[in-house]
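Here the protein sequences come in this chain order: U and E. Be aware that the first sequence starts at 1346, since it is given in the working numbering, and climbs by one per residue. Be aware that the second sequence starts at 622, since it is given in the working numbering, and climbs by one per residue.
To be clear, the hints were calculated from the coordinates, so they are not data collected in a lab. Note that CB positions come from ideal geometry on N, CA and C, so glycine has one too. Any given hint could turn out to be false.
So the derived label-pair ranges between C-beta atoms look like this [said to hold, decoys possible]: (1) U/Gly1374 to E/Arg680: 17 to 23 Å; (2) E/Gln675 to U/Asp1399: 34 to 40 Å; (3) U/Thr1371 to E/Thr623: 35 to 41 Å; (4) E/Gly706 to U/Asn1367: 28 to 34 Å.
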Amino acid sequence: GNSVTQMEGPVTLSEEAFLTINCTYTATGYPSLFWYVQYPGEGLQLLLKATKADDKGSNKGFEATYRKETTSFHLEKGSVQVSDSAVYFCALGGLSAGGSYIPTFGRGTSLIVHP
Amino acid sequence: DTGVSQDPRHKITKRGQNVTFRCDPISEHNRLYWYRQTLGQGPEFLTYFQNEAQLEKSRLLSDRFSAERPKGSFSTLEIQRTEQGDSAMYLCASSTGTGGVATQYFGPGTRLTVL
């Protein structure tokens, strides 16, 4: 079945540090890949997405590239800010055993950025 | 676009009682998903509607759980004979599309506590 594996958190960084959150997946076919973010006290919201191999999704300084050969979609940001502190979820949208397109989420990685 | 809303935001109930949650999706969205999220985990898929048709249910979903989406608008999720293990955040999300997995728009969730 479909699955997503994310690096365990929390990830603790100082402001302006470089961020990488690893995400790998297992899926049948060619899923779409997503990163969602959940800020404290808020609901999940889309951060970026990629729909096919070698696509790069980007938003708010974050980037992730769909790597089919390594089945990965790692999230990166060159210089994090305190306001980036949140939980980040990697997700794939692929065909389920029942034949519907169902999202599968990773367990989330908490990011804490210190001033 | 007022976003996805859920009601109630919090529910405390005693073991054995029935509870019902409501989700109002973004009005033009034809797809609606229910998820359960526990602490430190990502959203876990429960069930999926396209318009009024319930197209898929998780194999992990107990018979005590039922969901409806009459007229393809709002949806309700009912849990009968609640158990302490049902304590979780219940999330609703909606999206557009007819193929693949589109961006999910999440509601704020309903936090259920079963005493």
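A quick look at each hint next to the structure:
1. U/Gly1374 to E/Arg680: 17 to 23 Å: holds (20 Å)
2. E/Gln675 to U/Asp1399: 34 to 40 Å: This hint holds: roughly 36 Å between Cβ atoms.
3. U/Thr1371 to E/Thr623: 35 to 41 Å: holds (37 Å)
4. E/Gly706 to U/Asn1367: 28 to 34 Å: holds (31 Å)
The structure meets every hint from the earlier list without exception.
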